[in-house]
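Following our numbering, the numbering of the sequence shown begins with 994 at its first residue and continues without gaps.
Check the hints yourself; a few may be wrong.
The calculated label-pair distances, taken between Cβ atoms and stated as ranges, are [said to hold, decoys possible]:
hint, residue 1, residue 2, range
1, Glu1160, Asp1192, 20 to 30 Å
2, Asp1014, Asp1229, 26 to 36 Å
3, Pro1139, Ala1068, 40 to 50 Å
4, Asp1078, Glu1101, 11 to 21 Å
5, Val1212, His1245, 18 to 28 Å
6, Glu1198, Asn1256, 18 to 28 Å
It should be emphasised that the hints constitute simulated quantities derived from the structure, not laboratory data.
Quick reminder that beta carbons are idealized off the backbone N, C-alpha and C, glycines included.
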Amino acid sequence: MPVTSDVDADSEDSASETDGDALPVNELFESLQGEGRLAGVPSVFVRTSGCNLRCWFCDSYHTSWEPTHATMSVAEILAEVESYDADHVVLTGGEPLLHDASVALLEELDARGYHTTVETNGTIYRDAPIDLASVSPKLASSTPTPENDPRPGADEADEAGPTDASEWTERHEERRIDLDALASLAENYDCQLKFVVSDRADAAEITDLLGRIRDAAAVEIRDTDVLLMPEGATKDRVAQTRPVAAELAQEHGFRYTPRLHVNLWNDAPET
């Protein structure tokens, strides 16, 4: 079910200002979970629009750089979720924890017996019933620059717009790591840390950041809770980054996670 009403892309955290009973929904669909320890599990995906970061390689471009959505009440989302057979629900984005209504939705899903996964960048903590926190801290290699601006025609623009990559470079870099939020997520939820790997240079930052998270959290974070995932939203790009992600996982004793949905359906929507 694609839902793509226009929203204001000039807002800093695009689409984050929703009330407690409604969410900006970019997509709502059933597919296979493509990433992490539950890869392959049939799941209903609720993809919210709006993000406080701007990864240049974002694979959900229309939730961040050029956000689109339809506003749906929690009741409407639940009715749509219940129309599918899957008993796993993935709340993703964008950054779903930007929105107050995400907590209300998670509470209702929990009351109905659904297993819930929240896919988050780890910069926001909320107290909610979450069965699996799939936390993807963003590395320095995710930071947007004028050279890697992902928007079509960005390099041909006469003037920088309010969401130009150069403006987001500093914002993204300032926000991408929040150790307090990361520690709280690890302490309060069954948590997997999922790092996107672009090349071997990411390894040093991953191990350094992992050490900092372990120091900050009052719980054990096992190597088996750390997953390395190849960067890429297309089969061709994943084919380039997959070998190094797998090699680094082997070398450091971490887990490798595929991008199953990309391998199966390339960059098709609702996958």
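Checked hints:
1. The hint said 20 to 30 Å for the Cβ distance between Glu1160 and Asp1192, and at roughly 26 Å that hint holds.
2. A beta carbon spacing of about 42 Å between Asp1014 and Asp1229 contradicts the range 26 to 36 Å that was offered as a hint.
3. Range check, Pro1139 to Ala1068: about 43 Å between beta-carbon atoms, so the 40 to 50 Å window is met.
4. Between Asp1078 and Glu1101 the CB atoms are about 18 Å apart, so this pair conforms to the stated range of 11 to 21 Å.
5. Under the hint 18 to 28 Å, the C-beta atoms of Val1212 and His1245, about 20 Å apart, fit the expected range.
6. With their beta carbons about 26 Å apart, Glu1198 and Asn1256 fall inside the hinted range of 18 to 28 Å.
Going down the numbered hints, you'll see the structure goes against just number 2.
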